Amino acid sequence: MKILPKHSLKAWVERLRATHRVVAPRETYGQYIFEEIENADDLVLDYHTSVLPPKKYLLPPREDLFAFNAKTMEMSPLIEEIQPTVIMALHTCDLHAITLLDKIQGTGHTDQHYQARRRKTTLVSIECLKPCMDHAFCKSMGTLAVPEGFDVHLTDLGDRYAVDIGSEQGEQLIEGLSLFWEPVEADYDRVNQVMAGKWPNFDYRLDCDVTDLPDLLAASQDSALWDEVGDTCLACGQCTKVCPTCYCFDVLDEIDLKLEHGKRIRVWDSCLIEKFAVVAGGHNFRSSQARRLRHRFLRKGKYQFESYGLLGCVGCGRCALSCPAHITPIGLLNTLAERRRPATEEASSRS
Amino acid sequence: MTTLLRETLTHSSIYMPTPARIVEVEQFTEVEKWFHLELPSGFTIDHKPGQFVEVSILGIGEAPISICSSPARSNGSFELCVRRVGKLTDALHRLDVGSMIAVRGPFGHGFPIDRFHGKDIIFIAGGLGLAPLRSLITEVLDERGKYGRVALLYGARTPNDFLFPADLAAWADREDVECHVTVDRPTEGWDGPVGVITTLLPKVKFPARNTVVAIVGPPVMYRFVLDELLAAGIAEGNIWLSFERQMKCGVGKCGHCQMHHIYTCQQGPVLSYAEVKNLEEALS
Amino acid sequence: MSTLKVDVHHVTRVEGHGNIVVDVENGELTQCDLQIVETPRFFEAILRGRAYDEASHITSRICGICAVGHATASLRATEQALGVTPSLQTTLLRKLNFHGEILDSHVLHIYMLVAPDYLGLGSVIPLAKSAPDLVLRALRMKQLAGDLCATLCGRHTHPISMTVGGFTQFPKPADLRALRERLVASRADCDATIQLLQGLEFPAFERDTEYVALHRDDEYCFIDGSIASSDGGIRPLADYREVTNETIVPHSSAKHARHQRESYLVGALARFNINYDRLHPRAQAAAEALGLRPKTINPYLNAAAQAVEVVHCTEDAILLIDQLLEHGIRHEEPAAPTRMSGEGVGAADVPRGTLFHHYKIEDGTIVGANCIIPTGQNLANIELDMRALVPGILDRTQQEITLALEMLVRAYDPCISCSTHMLDVKFV
Amino acid sequence: MKPKVAFFEFTSCEGCQLTVLDTLQRHPELLEVIEIVQFREAMTERSDDYQIAFIEGSCTRPSDEEKIREIRTQAQIVIAVGACAHLGGINAIRNRMPLDDVREYVYGDKKDWFETYPARPLSAVIKVDAVIPGCPIDRDEFAMAVTHLLQGRMPAIPDYPLCIECKLTENVCMFLRGQTCLGPITRAGCDAICPSCGQGCEGCRGLVPSPNLGSIKEALRERGMTEEQIDARLSLFLTYQTMQMDGVTPA
Ligand SMILES: Cc1cc2nc3c(=O)[nH]c(=O)nc-3n(C[C@H](O)[C@H](O)[C@H](O)COP(=O)(O)OP(=O)(O)OC[C@H]3O[C@@H](n4cnc5c(N)ncnc54)[C@H](O)[C@@H]3O)c2cc1C
Ligand code: SF4
Ligand code: SF4
Ligand code: SF4
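If you're matching them up, the sequences are chains A, B, C and D in order. First residue of the first sequence: 1, per full-length UniProt numbering; consecutive thereafter. First residue of the second sequence: 1, per full-length UniProt numbering; consecutive thereafter. First residue of the third sequence: 1, per full-length UniProt numbering; consecutive thereafter. First residue of the fourth sequence: 1, per full-length UniProt numbering; consecutive thereafter.
Just chain A, with the same shape it has in the complex (with noise of 0.2 Å):
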């Protein structure tokens, strides 16, 4: 652990900005975009969530895959020199989402495009202290927690951050740089305190225990209640492109008017609109909003939990912000965990 005096921030950020594209929260709105911050000034590290997750500078919402000529067949790849990245001030929540992602796309055949933007990505994460808005439940989820994962982890003592460094890439952001205290007996006082005082401060929103999300599931697939929040979902998908651990996508291809010189992209999709899973034929596989609502809560709660053992949602809140018809996944898993309950205490009268 290292001490960073408030004061000194701004230095920080400014000599990281020598080296690095420092991206960090901006205001707009009311809420917050993740944006390369181009004066220390700008910097807050005090928001609620983004309006969409960091994890569109590992995954961009539109990328070039390559680009080819059509005529003479010539490919050629553009993953891009990326630039280095330092990623400030993640919420825990999204930090949890990073290391699922990270599980997704080295898994199997490796996705060289998330990698190599990942290897130039540096995560400076930020204890929360408080709840960052009424829709969120990572205590819930657990990912209240600083897991592993982080480069760099600051943590608010006031006048000063307790900076904690998880990796050789973030000991490279701090290396040599006076402007780092070491830590005395107080600082740890300190810190112990602050991380004691801020659970009381969040609530457990789920009425189950998060070990039991992947049974509630499996156990609600036929629940009518699926039904009843299809009707009203719009299908207008927001809610799984502001998702932390959403990663699906479209393929495309662009082409000049000449039809020699193009591109092929990648653009994420969502499983809630209508045609994700229609095949050739016109066959969907997912015929009803109310199935392609449970797919993505399955997905969630029990699926990426069986492929890769981490929970899909981390509590982020972000879908419960942005649904314009209110779905809010604490509202839903709490809705199924309440039909569950008397069958189950019934079961358990029984035997």
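Careful: at least some of the hints might be erroneous.
Said to hold, decoys possible - Simulated coverage check for chain A against chain D, where a stretch passes if three residues somewhere in it have a Cβ under 8 Å from a Cβ of chain D:
1. 30-42
2. 232-238
3. 249-257
4. 262-274
5. 321-330
Source of the hints: derived by calculation from the structure; they are not laboratory data. Note that this is a predicted model, so its numbers are computed, not measured. C-beta atoms are modelled at their ideal positions from N, C-alpha and C, and glycine is treated no differently.
Starting from the structure of chain A, add chains B, C and D with the ligands where the hints point.
Using the frame of chain A, we list chains B, C and D with the ligands on its own:
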């Protein structure tokens, strides 16, 4: 020799295909065409029956297509049978011999051929389903001695819709293959059976316990065929089906092909009934 | 030629549908009409019952080429009706945006619609082969004008972020600086445009008429101001009806207007004649170079007046950007209405001339609307020009006469698709 | 062989055709890859020998129907350009009002001098092969449509809602800004230009294939819009489509 998959995967992008040349074309039906493709020298496709490639036309797009030729006969070339249904397949149908396309793959798990050794085999193909099965059938017939009895049940919409006519004729001529075909709608001069594919099943009298079945066809066919096979006592783990889903990447990343927790492009497209029987999205 | 029939069905290279019909029998001109055959679009009727803040988005759809002009006049009418006073920043942004539209429209008209006639071509397409530099210059100038509008209001055709009381999006200073640089660089293209027009041989036809334009003492006016006439007299905007005096004529789905004479002319030439003194010095110099001074009474020279305005708007846009950058761009909420009922007239001198929107609003809902567009005001004048022109050129071939007439109509840069609207609005 | 292309317009503001001209700014090569044989707004030369017809504008009077059918007979491919041709557009707002009243308001006792009837999209008169939506169309989408035609396929347009693009652009949702938006039920393809400029989507690109109208109305209601205001919003560009969903088509 470089295998295509290895080449695909050592490109700096897994999404970048390798060029291939069309060297032979045959129009099977109004909407189905057969393509013989040649890889650049030094490449082999090295696939298993049931695997597929992602076929590209640069500037148009990409689509998953099963390899319909036998692995043993590939040697730097391979074959596809393609139905014209949309943007990529339309464009492909317009290409002539000599044109260049591009391919990635092969991807997915094919049929677990080892588990077919010593067994009686029923191939059940509906329509275009014969394409992926042909790769398996050829493989089996090439090493005929390793297997028990072999039957092919094939249903097409009309007699004009039969694919691989030369192969069909050759298989029908063989003593060691029981070949049964049916059509939904007969045309003038057709004197064979008429009816859905399940009507052919009673014609094959293999002992259930030693039989494996490989099925490829349109989604509607699966439920009916499965009901009959299960009723006939074939083991769930001995029924192998190939699944078609939207696939944008072929490498388990784009999310389109998911049936519940299964990435069809990776764990499939060939899966046993035992693996999918509880998956509503697989067999609905 | 003592007998002549000209029947041009759907004049080309103008916006909207119009026919020219001329009939000369035994040396006697019996018919000389510009028929507007555009289908009626009923904008005034469909505005009724709409929320006040939808009006500018609906009326910008009157015309794809003057969309910013319609939106501006519409917003001014609403603001007058509801007692909204936009901020200085809003006013500056609107003026700057307006210049974008004038530039876009004038460049389109000069290069793509008019120039081919003088170069003996049917359109800009063969020009792209024979004079690629000229076409690329036009495209470059249009691109700049379009980018200017896009930066300020999202896009030129059907502006998005202009709203009652202000804007819903603001340019970044860096974007403005980039535009300024391009505007400065485009002075060379402005010069080349003036040179192009110097080289064109305009028909020597003159007919004095009344010229009408918006006017302000302190600037070359495009927005607000009052209504000035070359025959004298300045009237407030609220008197627009006394100026326009519309009548319906059977051969046209657009109405005709007359003020102090039988007809009057609006547009670049009218603005030039009336507001010459307020042109930017560089624009005055350009006029000099073209031998243009007020009052110019050859309607074919409207294109030359447009070129002068291209210079003026380019220069004024630079000044406006400087002013905006000096003030600093603030993200301000649109100024709010001070009342929800009222009546107001808004005016703008759009590329083709003076445009009026007049709304009556009750409880935030529009209950009455009237829009008077420039081409409607010019129609009677065009016909009188045609009538004056034809007898003097009867010795030419029918083809030459037809071309002369088409070029005359085109000189006005008519925008016919919007000219269809009502008269005698009686607000209930 | 370059395809021969013609442009036509019926009742419209011609903004889409101007956008076609604007396309040349970024894609001057357009003139090298197609042969334009008719384009009244931009050129005098004309020929009736064309394969592809781009038609702007809605059909608003019986006498236009014949001309539209003629174009259909001549062209192998007919493409509706812009909201007027695609949806009836702004012109169709009047379809919800008594036509006679509309005519009288604008032309008084001369109302019968001019022929008109309820506005309709091209597809209500002839078969349309593809559409380029928008009011106005987007130049890049137009260029892309031409590219697709040159590749021998029909122009493909997005079939998902605007929210998708809006979020890819990382706009703060208008609903979160306390305003309203038709993005969830509107076809994407414009890159969410209106929300990006601070205005809620007005639906100019038409409805997505399966719009949840009940739910969007609820969302609008919840943000304080009255039924009249909701109807007005849904009838800016969507009059014809929503009336059709209600089973009403103009005679
Ligand atoms: C493992 C596997 C193996 C296959 N093997 C073969 C084979 O051997 N031969 C063969 O011919 N085909 C095969 N297919 C099917 C083939 O992949 C599809 O027919 C092909 O992807 C169609 O691509 P396209 O670009 O031509 O059509 P597209 O233009 O993509 O669309 C074709 C049809 O698909 C549906 N569709 C797909 N996406 C959408 C969408 N977003 N919105 C609406 N409709 C949509 C529609 O019904 C449309 O008519 C296989 C598929 C899989 C998954
Ligand atoms: S599902 Fe919702 S709450 Fe969970 S990680 Fe995704 S956006 Fe956040
Ligand atoms: S954000 Fe809400 S309405 Fe939109 S797709 Fe997701 S759940 Fe449905
Ligand atoms: S602003 Fe409109 S288009 Fe954008 S996300 Fe919100 S509802 Fe969707």
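For each hint, the structure was consulted:
no. : hint    : in the structure
1   : 30-42   : holds (count 3)
2   : 232-238 : holds (count 7)
3   : 249-257 : holds (count 4)
4   : 262-274 : holds (count 5)
5   : 321-330 : holds (count 4)
Against the hints set out earlier in the document, no violation occurs for any number.
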